[in-house]
Structures are given as C-alpha cells and as structure tokens.
Amino acid sequence: MSKARQKQPFQLPDFYVPWPARLNPNLETARAHTKAWSYQMGILGPPRDGTDREVWSERRFDGMDYALLCAYTHPEAPGPELDLITDWYVWVFYFDDHFLEVFKYSRDVKGGQAYLDRLPLFMPLDLSQTPPEPVNPVERALWDLWQRTVPSMSMDWRRRFFENTKHLLDESMWEIENISEARVSNPIEYIEMRRKVGGAPWSSDLVEHAVAAEIPARVVKSRPMRVFKDTFSDAVHLRNDLFSYERELEEGELSNGVLVVEKFLDCDTQRAADLVNDLLTSRLQQFEATFATELPWLFAENALNPVEQAQVLSYLRGLQDWQSGGHEWHMRSNRYMNQHSEERPALSIPVPTGLGTSALRIPLTPGGLG
Numbered sequence: 021m022s023k024a025r026q027k028q029p030f031q032l033p034d035f036y037v038p039w040p041a042r043l044n045p046n047l048e049t050a051r052a053h054t055k056a057w058s059y060q061m062g063i064l065g066p067p068r069d070g071t072d073r074e075v076w077s078e079r080r081f082d083g084m085d086y087a088l089l090c091a092y093t094h095p096e097a098p099g100p101e102l103d104l105i106t107d108w109y110v111w112v113f114y115f116d117d118h119f120l121e122v123f124k125y126s127r128d129v130k131g132g133q134a135y136l137d138r139l140p141l142f143m144p145l146d147l148s149q150t151p152p153e154p155v156n157p158v159e160r161a162l163w164d165l166w167q168r169t170v171p172s173m174s175m176d177w178r179r180r181f182f183e184n185t186k187h188l189l190d191e192s193m194w195e196i197e198n199i200s201e202a203r204v205s206n207p208i209e210y211i212e213m214r215r216k217v218g219g220a221p222w223s224s225d226l227v228e229h230a231v232a233a234e235i236p237a238r239v240v241k242s243r244p245m246r247v248f249k250d251t252f253s254d255a256v257h258l259r260n261d262l263f264s265y266e267r268e269l270e271e272g273e274l275s276n277g278v279l280v281v282e283k284f285l286d287c288d289t290q291r292a293a294d295l296v297n298d299l300l301t302s303r304l305q306q307f308e309a310t311f312a313t314e315l316p317w318l319f320a321e322n323a324l325n326p327v328e329q330a331q332v333l334s335y336l337r338g339l340q341d342w343q344s345g346g347h348e349w350h351m352r353s354n355r356y357m358n359q360h361s362e363e364r365p366a367l368s369i370p371v372p373t374g375l376g377t378s379a380l381r382i383p384l385t386p387g388g389l390g
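If you're matching positions, the sequence shown starts at 21 in my numbering and goes up one per residue.
By construction, these hints were calculated from the structure, which means they are not laboratory data. It cannot be assumed that every hint is accurate.
[Stated by the list, open to error] Calculated lysine to any residue pairs in the SDA-like style (CA-CA distance at most 20 Å, straight line): (1) K241 / R337; (2) K216 / V247; (3) K186 / Q133.
Nothing here was measured: the structure is a model prediction, and the numbers come from that model.
Kindly generate the complete structure, drawing on both the sequences and the hints.
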C-alpha cells in the first residue's frame, strides 16, 4: 500500500443525505450479466484495442462493483433494465480509464481527439445508418448499447442523449488540455464546465429511460426543469470530487472541485473539502425548494395532463434515488477514498422522508452546530 493510501489527504465531511438509499433486488443478476457482457465486448480479458494494456483486471472490476452502483441508483428498475443501465455505467467508467491509460498519461492531445471523433458515429439517431467496424472495446460496447437503448425512446430524447453523451466524451479533452497546460480552473468556470460536459446530465437522461418516463418535450427547457437538472448535476459532480480527490491527485488530474477551491482560496485541503460539501448541501436543498415552490406552477403554466405530471414526478423521484444511491456506492466502492467513512455517518433530523420533504430536515454538521 502506498503512503498516500495510508493516510487520506482530508477527513470526509458529514454529508447531507436527505433521502434513504434503496437497493434493487435484481443486483446479483445484474452483476453476473454485466461481467459476461464485459468479456464479450473486450472490456475484460485479453486487450482487443491493438495495445497490450489491460485497463481492468477482473479483480478490480469486481471491487468497483458498478452493478451495485446501478442497483442503488435505480432501485425500482426491472431486471432487464437494470442490466442495460449497468452496462452503460461499465462502459462510461471503462471509457474514462481507457482514455486515461492511452491518451492522458502520454498527453497525446492529437491522438485523443482522433479517438473521440469516431465515437459519435456509433450513436446514429437513425438506426438504419450503419457505423464503421469497431476497433476497440469502447466503440464495440457503445454501438451495442445504443441499439439496445434508443428504439423505445422519442427522437427528442435521442437528440438530448446524443448531445449529453458527446459532451461527456468531450470532457476528456478539456481535462487533458488542463493537464497539458498545468491549469486549474476557477470555481465558477469549473461548475459551468462540469454542467456542460460532466457525466451527470447524461445520467439524468438515463433516469428517464430507467423509470420509463420521458420529460414532456415542451417543459424540458423550462426554468424549473433546468434547475432540477443543474442542481442534480452539481451535487453528483461535487460528491464525486470529494470521494475521488485522492485518486485523481495521484493520476495528475486537475479537474476536481476540491482542488479548484483549494488553489483558488489558497486554503488547506480539509477546508476546501468542507466548503465543497457546503455547496453540495446547498444544491440538494435548492432541488427541494424548487420542487415545493415551482413545480405546481410548471404543471399549470404548461397545462400538463395527469399522465405528464406523473412522468415528471417519476423522473424527479429517480433523480433523488440517484443522489442517495450514488452516495451509498461511493462509500463502498474500491474506486474511491472512503476510509473511515463509517465513523462519520450522514446526519439529519429524523422526520418524514419522500418526494418534497427534505426541506423539513436540517443538516447537522460541525459548522452548523457551532
């Protein structure tokens, strides 16, 4: 074990988790399915990308446990849907680590861009279009997933999912350029860019698929829905930054919210982590404030019928499940810094839980207690 692993760079803060995590009963089936699928795609097993790099061993794959992530973040998904969602997350994390191994470590900006330029070809809006022959596991798995996902969704959703997937891929170039230039963003730029190219908008699209409830097209760009998506994205990204700080520091990564605050305010790492956690808490609370004050107006202003209202509510509940489930997985996965996490559990006043009730819960943190 490395010296960095013996002592964490900061103690994890007391997290505000307003919704209880629930576990999908189809977890074990998803674990078995996604491992077999990963071998089929070439994500696991002998390298099939023209290199000799083994990005993930089976042992590492088991420890990261992406089936557990998806079983927590999508607790009500039927078995086949959980299998599909789990495969998507295996793909996206594998893409991230594969890009790190092949392009980030070597600072190969030109090669990385050429690699990324091919991937949209495997996401045709019109499935009658045939992509080129895949040359690596990322391309092969993306084409497989795309064919299994988009046929049941509207063209409006397909366009949104295509754009958010492309933005997620493009984030890798933003990160590699920051590394090449030894550049750390300022906090405002960082939040803005993460909203645009981070993984959370992509995840929120998959929530619609998982709960079988598309957001009505005429309200997708409304202010309340944009606030829901932005606060969801900010909270997901900031939580990940807190748990992944140590790993990303070891990888030379500069796109991390804790590091951004630490450098911008010239403060110690613990103080930066606590400030990021405060911001994370505020985003969760704004989500619920928007639900309480703006959702009725959204329904009335856009004349949403009962079915459409139910679709929006199912989607928002799915975002809440993602927040609580994602937190639970971060506390357990070997991908992240989570030593001693059980010693400082998330705290809140014990009051009713459910959609729209977290405004009743006041987070208990050392700072809040004085």
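Status of the hints after comparison with the structure:
no.	hint	result
1	K241 / R337	holds, 19 Å
2	K216 / V247	holds, 14 Å
3	K186 / Q133	holds, 12 Å
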